[in-house]
Structure formats: C-alpha cells, structure tokens
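**Q** Make the full structure from the sequences, and use the hints.
Number of protein chains: 2
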Amino acid sequence: MKISIDVMGGDNAPLSNIRGAVDFLSKHSNSNVEIIFVGDESRISIYESTFNSVIDRIEISHAPDFVSSDERSSRVFREKPESSLVKSVQLVKDGFADAVISAGNTGALLTSALFILGKIPGIHRPALAPFIPTQSGGFILCDAGANANVKPHHLVQFAIISQAYIEHLEGRESPKVGLLNIGLEKTKGNELSVAAYQLLEDQVENFTGNIEARYILDGIVDVIVCDGFTGNLILKSIEGLVKHTFTWLKQNIKAHPISRIGAPLLKPAFNDLKNTLDYEEHGGTSFLVINGIVIKAHGSSTSRGIKNSLIAAHKAYEEQLIKDITKRLEINSI
Amino acid sequence: MKISIDVMGGDNAPLSNIRGAVDFLSKHSNSNVEIIFVGDESRISIYESTFNSVIDRIEISHAPDFVSSDERSSRVFREKPESSLVKSVQLVKDGFADAVISAGNTGALLTSALFILGKIPGIHRPALAPFIPTQSGGFILCDAGANANVKPHHLVQFAIISQAYIEHLEGRESPKVGLLNIGLEKTKGNELSVAAYQLLEDQVENFTGNIEARYILDGIVDVIVCDGFTGNLILKSIEGLVKHTFTWLKQNIKAHPISRIGAPLLKPAFNDLKNTLDYEEHGGTSFLVINGIVIKAHGSSTSRGIKNSLIAAHKAYEEQLIKDITKRLEINSI
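Sequence order for the protein chains is C and V.
So for the first sequence, this note's numbering puts the first residue at 452; every next one is plus one.
So for the second sequence, this note's numbering puts the first residue at 452; every next one is plus one.
A few of these clues could be false.
Note that the list lumps identical chains together, so a pair holds whenever it fits in one copy or between two copies.
Simulated pairs of lysine-lysine, DSS-like, Cα-Cα distance not exceeding 30 Å [what the hints assert, rightly or not]:
no.: 1; residue 1: K531; residue 2: K639
no.: 2; residue 1: K531; residue 2: K694
no.: 3; residue 1: K637; residue 2: K531
no.: 4; residue 1: K637; residue 2: K694
no.: 5; residue 1: K570; residue 2: K639
no.: 6; residue 1: K778; residue 2: K544
no.: 7; residue 1: K705; residue 2: K694
no.: 8; residue 1: K774; residue 2: K705
no.: 9; residue 1: K687; residue 2: K639
no.: 10; residue 1: K687; residue 2: K637
no.: 11; residue 1: K544; residue 2: K453
Keep in mind that the hints were calculated from the coordinates and are not lab data.
Owing to the predicted nature of the structure, the values given are computational and were not obtained by experimental measurement.
**A** Structure below.
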C-alpha cells in the first residue's frame, strides 16, 4: 500500500513527519508500505540524510503551497490545490495513495477530504472520532467536534462507525456503546439525548444506555456518542485539566524543599501516567465518515505520533475498514 | 442572623453537619449568627457533647422525616413537609431563618426551594452555579445542571447573577464573563451559543467573548456561562478526571519501587494540589435564582465543607446578595 503524508502539516513539521515515516518504515521493513512525502521539495530535500536509509520506499510529490493552522476557509481544497494538505488528499482520490495522514489544519483536512473523497455511502454527517486513552484501555468519543448541531439518527451512525473502528483498530470484540448524558435514566438530558436514547436502544447492538461524564474514564464502554459541541468541550476540558495538573504539581513540588528531593524518584510513576494519557500513543483521529482512510494526527505530534498514525492507517487498509463500515451502514440503513 | 441546617442531609450526616456548625460558631464567636439544627431530635441529641460548647447559639427544630439522596420525586416539598430538608427551607419562608444549608438531595433541595421560596423577581430559570477552584483563583460555572434545555436570554441572566455572586462572595471587582464554546469566533458553536453571543455582547458588562474548554482552568474569566446539559458534563468530567489522576498516580507509584521511596516526600505537594481542586474550600453551590439564601453543600462534605458553606451564607446575608441581584435584574430586564 501507499500512504501520502502532508509533510508540511503540524507544529513540528516537516522534521517530525519525516522522522515518523522513517521510524515506521524501519520497524516495518517486511511490510509492503511505501510513503509519499507531499510538500515543498526543496525543504524536504534538506532532510535527505534523515530518510536516506529508507529512500527506496519513499517518493516525493512536490507541493509548493501551504495551509496554515489558523486558516479558516472552508474552500481550501479549491483555493489551494497545490498545498501539501490538499494534494496529499488528492493523491488518494487519484489512486496514487491508499491512505493519507496530516498533522495540519483539522478543518481544512476535513473539508478537503469531504469534498475530494466524499462520504462513505449512507453516511449523513461527518464526525470526529478520537481515541481517548485511559488506564483501563480507552474509548472512542464520537462526535468530538465535526457537528455542533446534530439529529438523533446521526448519533446512531456515529455509534455504528465507531464500533467498526474500535473492533478493527484496537481489536475489541462486541464493543459497548454509551450515550453521554447527565443521568442514567432514559428520560434524563436534553431534547437530543432523550430522543437519541430510544433510537440507539432500537438500532445499535451492545448499547448500554447513558453514561455520565464522571465515569467516562472508567472503562465501562468502548464507544461514547454525543453531539460535536458537547464532545469537543469534553475532549478539550480533559486536555486542559491534564496539562494543568502536571503544571500545578510541578509548582507545588518546587514550593516544598522536601518534595523537591523526592521528585526525581517519582519520575517513573509520572512518566507512566503521562504515557497513559498520551494521545500520540494511538495514532491520531480517523475521519470515520470519509470514503477513504484519512488520519488526522494531533497538531503537536512528534515523530512518535506520526509513526502511530501510520500504523493505524496501515491497519485500516489491511482490515478493509471502509468496506466494513459501508456494509454495516447498509444493514442499519435509516 | 439565623441559619437553618438540614442536619440529616449528606453522606456524613449528621455528625459532619454538627461539627461544621460548631467549627463555624467557635471561629465566629463575635458574630451574631445562630444556627438551627433541623432533624430528628433524638439522633441530634446523641451528639450533644459535640455542640455543648456553643449550645447557647444553637436551636433544634425537630423533623422526624428524611429525604434520601436517591429520591427522585419533584414533589418532595409536598409529600415530606416534616423532612429535615423541606423543613429547613420552610423555616426561611416563615421568617425563622435567614438562610438554609443542606448537603442532601440536590434535586429535592432545588425544587423545594423553588416552590417554597420562589424565584427572585425577574428570573426566568433556575440555575446551579458552583465555584470551581483552580490554581489561579477559580470561577463560577453557570448553569451546571439545573436546565438541560435553555434559551439564549437565560444565559444573560446566568451571567448577571453569577457576576453579583462572585463580586460579593469572592470579592472580585468587575468580574469577566465568558461563553463556553468550541471556538473563539462569534459564529462558532451550536445554535444556542451563536445566538447567546450576540445577546451577551449587548447586555452584559465585561463579557469577553467565547472561552474554549481547554482554557477554562486558566483564570481568564470569573464566570463561565453555558446550558445546564453542557455545564453538568464539564463539571462531572473534571471531577472524574481529578479522581482518576490521583488513583492512577498511586497505582503507578506502587509499580515502581524507587517511586515508592520518594512518594512520602511528595506528600506536601500532592496535598497542596488536592486543596486547590477541593470543592469543600468554597462552601457549596448557591442556588442563585432562589428568592432566599439557599446553599447546597456537596453530598460528601465533611465538617470543613459545612463550615465553609456557613461562611458563604453569612456573607451572602451581610452583603444583601439577593437584594443586589434583584436590582441588577431590574436594570437588565429582558
């Protein structure tokens, strides 16, 4: 298979992308994966010594233009066809690549993928479905921000596609689905959640009912569905709190001389916790509704995040994820 | 002033309530506050030795009945007039008390207060407005769960009453208000947040625009408004993550022998962090829309939480909080 990488995308581009690709290829020397670096050829060539060892499995596709992370246009795919982001998606459309990875502008990637590759047949709405790591294994949150306003039947589709994803990519059997809500009873919540409960109960296998925000990290379910407004807020508040907790703890350690002495001894434990909560460990967020494998790596991905995104793309391709999602949606067509 | 306490309410009742009252009275020996213990007289009298030192400032009001924490009826105020919860609210209505504190059933307290005391004139909707402590001072989140479905103009009122509250009770001048949203631009978000932005901009002093969930703990604003569905989810996800972080860290420390040695040295730093994130430090959640001072202490409050709730009630009374809110709503009447 061939995977195109938007080499210029992300806070640490292009080096993190190049290094991530090299790490992946070195560790998967027996696989048949080839990688296409999409970006400014002159900037990529600066790092040739970095990827020289795997150069026979790398191709460069020159893209002189660039989409910045704060670009807001929803028409980037039309306005910047020669950008590394848009071109790396176009390569999938044109059959030169089987999957695409970008750590660049999320909105631009989603709209470009939607316009160029289209939605999987039967899908009503786009969705963001990040894997949230926890000590008990982690779960998919869907939608985490693609749709601020959704209808109940969209949540049914979010559940079905997320189940397919976590089954294939994390190897979970019969994944459980919970509806994010402010109470356990069917009748709790806002208008959307009350209506969605009934539909999910009727149409989704292993729907286990409402899940309260307090318990989302407990490993009770494999998939949590909600509207994209709520999902984005939850995701971002968790990210914010994790960041704050470590900062505060560091400040507090500094304030206590005795703690300063103990701090180095606790480093292994802190590192374990950081690794648990680390989004990079799970290879980015799949745009599950796109008719093609499109993986959004976190904007601040290091080479490790890119490598894990490549692993996810490879698996999605090998396991024919898109085909399987299409089939499931046919069965559950609404 | 007189404050009635629902002595039987909360996970640690009645002792935590009694001890909290004693601590408050002992530390405020010069104030004119008297406390009414509302509850089963025979159970209260068991602890007489605990409150004997301040007995001249304590009154007991016998309430033989009890509202459990999982009771779901919204008609508790009618069905259980002789419960400690309902009776302690009734004492305010009847002029025997100036404020009420309960660590009991939140829903029952809110509906009882709404029915018995009514809303502040001009208020459209009830709201929960907890103070969320952070390293940079903390903020009020409103609504944190009273209304799953709200209209844009409700958010304006939530902003105004929360501003009054944080000005009086935390001594903040010109408190800033942010609208919880998934992006900074006016046009971001769901239908509610887009409509609310415009109203808040027109009608609320020191409205600083949208605030993203990632930054809510950064101390950028003093008040964050949102619908009660979202607010409840955010609040509970933060609570869940704080709990998990400490649990995970403990597990990870156990897994590393060297960390086990260092752990005791870090205790002061951990304790500081725990105290920062401690809801008990701030004396419960005010039901800001009720025409009377009603403070909901956390269900698992210890005596410290109750003491701080008493401090908050005392301050709200001294500073004539309800009167001030009424005046502000008149000016901003919509």
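**Q** At most 30 Å between C-alpha atoms: does K570 with K639 qualify within a copy, between copies, both, or neither?
**A** between (32 Å within a copy, 23 Å between copies)
**Q** If the cut is 30 Å between Cα atoms, do K705 and K694 qualify within a copy, between copies, both or neither?
**A** both (17 Å within a copy, 23 Å between copies)
**Q** At most 30 Å between alpha carbons: which applies to K531 and K694, within, between, both or neither?
**A** Close neither inside one copy (35 Å) nor across copies (46 Å); limit 30 Å.
**Q** I want to check one pair: K774 and K705. Are their C-alpha atoms no more than 30 Å apart within a copy, between two copies, both, or neither?
**A** Neither way: K774 and K705 sit 54 Å apart in one copy and 45 Å across, limit 30 Å.
**Q** Are the CA atoms of K687 and K639 at most 30 Å apart within a copy, between copies, both, or neither?
**A** both (24 Å within a copy, 15 Å between copies)
**Q** Please sort K687 with K637 into within, between, both or neither, judging by C-alpha distance up to 30 Å.
**A** Answer is both: 27 Å inside a copy and 19 Å across each meet the 30 Å cutoff.
**Q** Are the CA atoms of K637 and K694 at most 30 Å apart within a copy, between copies, both, or neither?
**A** For K637 and K694, the Cα distance is within 30 Å only across copies (26 Å; inside one copy 34 Å).
**Q** Between K531 and K639, at a C-alpha cutoff of 30 Å, which is it: within one copy, between copies, both, or neither?
**A** For K531 and K639, the Cα distance is within 30 Å only across copies (24 Å; inside one copy 46 Å).
**Q** Is it within, between, both or neither when you check K778 against K544 at 30 Å Cα-Cα?
**A** Intra 21 Å, inter 62 Å, cutoff 30 Å: intra-copy only.
**Q** Is it within a copy, between copies, both, or neither that the alpha carbon of K637 lies no farther than 30 Å from that of K531?
**A** between (47 Å within a copy, 26 Å between copies)
**Q** Within a copy, between copies, both or neither: which one fits K544 and K453 at a CA-CA cutoff of 30 Å?
**A** within (13 Å within a copy, 74 Å between copies)
In summary, the numbered hints that this structure violates are 2 and 8.
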